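Model the full assembly from the supplied sequences, consistent with the hints where possible.
The letter at position 167 of the sequence shown is residue 167 when you use this note's numbering, and the numbering goes up by one with no holes.
Hint data in this document are derived by calculation from the structure and do not stem from the laboratory.
Treat the hints loosely; a few may be bogus.
[Said to hold, decoys possible] Pairwise CB distance ranges, derived in the manner of DEER restraints:
| no. | residue 1 | residue 2 | range |
| --- | --- | --- | --- |
| 1 | 175 | 266 | 34 to 44 Å |
| 2 | 258 | 218 | 18 to 28 Å |
| 3 | 227 | 200 | 36 to 46 Å |
| 4 | 142 | 268 | 29 to 39 Å |
| 5 | 232 | 164 | 19 to 29 Å |
Bear in mind that the values here come from a model prediction, so they are computed numbers and not experimental data.
No residue lacks a Cβ here, since even glycine has one placed at the ideal position from N, Cα and C.
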Amino acid sequence: MVATTSLSPIGVFDSGVGGLSVLRAIREQLPAEDVLYLADQAHVPYGPRSMAEVRDFAEGITRFLLAQGAKLIVVACNTASAAALYYLRETFPEIPFVGMEPAVKPAAEHTDSGVVGVLATPATFQGALYASVIERFAKGVKILQHTCPGLVQQIERGDLDSPQTRAILETALRPMLERGMDTVVLGCTHYPFVIPVIQSIVDDGVRVIDPAPAVARQVGRLLDAHQMARQEGAGRIRFFTSGDAQALRRLLPTLLGERGDVVTVRWWDGRQVEIA
Numbered sequence: 001m002v003a004t005t006s007l008s009p010i011g012v013f014d015s016g017v018g019g020l021s022v023l024r025a026i027r028e029q030l031p032a033e034d035v036l037y038l039a040d041q042a043h044v045p046y047g048p049r050s051m052a053e054v055r056d057f058a059e060g061i062t063r064f065l066l067a068q069g070a071k072l073i074v075v076a077c078n079t080a081s082a083a084a085l086y087y088l089r090e091t092f093p094e095i096p097f098v099g100m101e102p103a104v105k106p107a108a109e110h111t112d113s114g115v116v117g118v119l120a121t122p123a124t125f126q127g128a129l130y131a132s133v134i135e136r137f138a139k140g141v142k143i144l145q146h147t148c149p150g151l152v153q154q155i156e157r158g159d160l161d162s163p164q165t166r167a168i169l170e171t172a173l174r175p176m177l178e179r180g181m182d183t184v185v186l187g188c189t190h191y192p193f194v195i196p197v198i199q200s201i202v203d204d205g206v207r208v209i210d211p212a213p214a215v216a217r218q219v220g221r222l223l224d225a226h227q228m229a230r231q232e233g234a235g236r237i238r239f240f241t242s243g244d245a246q247a248l249r250r251l252l253p254t255l256l257g258e259r260g261d262v263v264t265v266r267w268w269d270g271r272q273v274e275i276a
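Right, here's the structure in full:
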């Protein structure tokens, strides 16, 4: 692992472009920080994969980001957080990690009807992290769940408001609305990119909770606690993908609002990442 200072970058990773929603919040709140962003698009989506497989991916990416000098790592993927966050903290105790968990707590606090919808992947719903969140914060609240099959792939293609994307969300949300849902939790980092479509389906009476701003705040708190926050300058982003670098480069202005060069990485031995 490379020695780190306050000038070292934050590492952020996801199975694909979903983590850009978290990166966007980090950029807004911590503009001086340099960031390494890795999209493991060779393996997207993580949701249908086994927990063991996703854990291996997360460990390989973490080792790569640490070798690039990351001072803190954001697991900007709900599925990877469910599969690997506890394991990563045990394996790399010297590094602060911030993960994703469905924002059930604020949803339970703000619902008037007592009915909350959660949109997430199968792996997230099956994970111990989600079960713990439900046990701790959802007492007395009815939780409705939907996995939105195909939605991640639509967003990966940049199809944010196509008829197919809207149909997937209609299928998920209409039955929840009929059962009284007044709050919906986005339990996958890809989903904030379709908030306008979600809002058009559920109307203004339903609260849509995006956890990304809270995650960015936690990153800031941990950097301050470890005296690792960068105070000055304009942060830069280095992008990596295990998939199609040109495709990711084309999506950056749409999803992140800025352009950037993208470096291709490759997997070898199934568990290690290197620059191609």
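- Item | Structure versus earlier hints, numbers of those that do not hold, lowest first | 4, 5
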